Amino acid sequence: MRLVLEKRAEQSVRMAILSPFIALALTVIAGGIIFALRGLNPFEALYVYFIEPLTQDWAREQLIVKAAPLILIGSGLAVCYTANVWNIGAEGQFVIGALLAGMIPVYFPAWQSPDVMVVMLALGIIGGMAWGAIPAFLKIRFSANEILTSLMLVYVAQYLFDWLVRGPWRDPQGFNFPKTVNFAGWQLLPKWGEIHMGALFALIASIVLAVVMWRMLKGFELRVLGSAPRAGRFAGFSSERATLFCFLLSGGLAGLAGASDVMGVSGQLQTPYAPNYGFVAIIVAFLGRLNPIGVIFAGLLLALSYIGGESAQVSLGISDKIAKVFQGILLFFILACDTLILYRIRIESGRAAQTRAAG
Amino acid sequence: MDMMIAVILTIMTAATPLLLAALGELVVERSGVLNLGVEGMMVMGAVCGFGAALMTGSPWLGLFASIAAGMFMSLLFGFLTLSLVSNQVATGLALTLLGLGLSGQIGESFVGQPGVKLPNYDGFDPLIPFAILLAWGVSWFLFKTKAGLVVRAVGNSHASAHAMGYHVIRVRYLCVLFGGACAGLAGGYLSLVYTPQWIENMTSGRGWIALALVVFASWRPWRTVAGAYLFGAISILAFTVQTFAWGIPSQFLSMLPYLVTIIALVVISGNRMLTRANTPACLGQPFVPDR
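The listed protein sequences correspond, in order, to chains A and B.
Heads up, the first sequence is in this note's numbering, so the first residue is 1 and it goes up one at a time.
Heads up, the second sequence is in this note's numbering, so the first residue is 1001 and it goes up one at a time.
Don't read these hints as lab results, they were simulated from the structure.
Incorrect hints may appear among the rest.
To be verified - In the EDC-like style, the derived pairs of lysine to aspartate or glutamate whose C-alpha atoms are separated by at most 20 Å in a straight line are:
| no. | chain 1 | residue 1 | chain 2 | residue 2 |
| --- | --- | --- | --- | --- |
| 1 | A | LYS7 | A | GLU240 |
| 2 | A | LYS191 | A | GLU61 |
| 3 | A | LYS321 | A | GLU44 |
| 4 | A | LYS321 | B | GLU1108 |
| 5 | B | LYS1117 | B | GLU1200 |
| 6 | A | LYS321 | B | ASP1122 |
Small disclaimer: the values here were computed from a predicted structure and weren't measured.
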């Protein structure tokens, strides 16, 4: 018995739409099996995890709060991966964005005017862009693998953050807790309930990127370089420029996400700070089929996996670490289902394979 | 003198997990497959090895469980990338995310438990020479045996190897499984020898450093040994400096291995002669046999 892939004459449009849903269904089934193995009623557990949060107001708000950074980062990553540029260090760019935004309240706690909010957000973007520019530069100048360098920089960013927040930036009146002063007034983002302005940024970013990717020359260039690099080069598109563009874009968005997160949720910098948004956004990008609009829905769904984890912890007494398992399984199923878009899968018996080989 | 030996021993124990994982990945990449999931396989090896040793009381059975866990994870990767021709970069990332998530879940009850330590002779454990022996074995296999030639052929031109009648997919499956076994063992080394306990995410990027080591060693087993020991020395240096407390914040010393990895990648990748001659030509490219 063996698995045979038959290339389709052209991409299956039906499968392109269906595959994320198949992946989702498979993940839910796998989740049910995991719950059953832990001795829980799978249906009840799945309800608590995936449905119950949607019935409560606070959870719906949290969903959007958590989805905002995922969508911001994920839409940038979707552009990267479309262009075959592998930025997997968004978590580091996110942390640096938060750090640079936090610099203002630390050094100028008394600065209060609408300007300060803009400056902090801008610093977040600049920080993320700068951190993203490092792997891009190393790739262009020394052809160092951007996957490895961008990931290594995540650790560097986290240690830098840890040092500043425990050391020079620690709140002198903070009873020795590893945190900075509280942001105040204009240093915080406006909120509607718990939902802060980051959600708006996320929506704008994904719509703008969708337009860039599908209606503008830049998007065409990136898509060509991603799917047929040689053709792209003959067309005069520079893959170096594309690498730099993608890293600056996704780094900037990740930095903005980091700045919005500390300005909208915690209102201070505290260590350890590892919400893992930068890594989960990789899953978001793929679940959204590398389409910025798809990323919006994917971001909401992955946000649900965070909230579901919390609600499972409360109601079922299991650790919220289960969320990470679901996220990992989901990405696996997404990648597996994507095969169906380009190929038809047939299972052949051993005999059929032999006759084929003989004939 | 005793101090000297102690330092060398700690360097060796720091280098061995990197070396084991890198050697496995080296074979995988020589066959043309890029498995970025080393971190995930390693962390699963660490948690399963720890758990098995805890339950059976035997660290040796723990090591076997580590190997099995690594192989299981690599089989998932192999099924997706080889049978379903999914994107290797994305699938490797998925493997790492899944491994980190699953291991946290499996190891929940292991946190804080005293582990079982592999017996050693004055700090010299049997896996140190084993890793070096493995480097010799990999080198011999790749460059002195016919099977090794087939692996390299598959990695350099899968279409030609297929035309010659070799089973590209089967060869790659075997290499991926070997890589998984090595990464699992490396993880087991961490939780049974290096720090005999379970801490979530205890691999802390070592799987990624192992990946960088393969590039650094330009896909050569003996250079991998040299690279791993160099990295081991650097991470120990960080610890030593910390104890002397020269006023450098500990966070900067903890950054050191990652910064060194970046610098090493830059230095080696900038040298086109060195990398181009040894990089498997089909690295990361999917293969679907046409008939």
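Hint by hint, here is what the structure shows:
1. A:LYS7 <-> A:GLU240: 32 Å, violated
2. A:LYS191 <-> A:GLU61: 11 Å, holds
3. A:LYS321 <-> A:GLU44: Roughly 19 Å between the alpha carbons, so the hint for LYS321 (chain A) and GLU44 (chain A) holds.
4. A:LYS321 <-> B:GLU1108: Within the cut-off at roughly 9 Å; holds.
5. B:LYS1117 <-> B:GLU1200: Status holds; Cα separation ~18 Å.
6. A:LYS321 <-> B:ASP1122: 38 Å, violated
In this structure, the hints that do not hold are numbers 1 and 6, in rising order.
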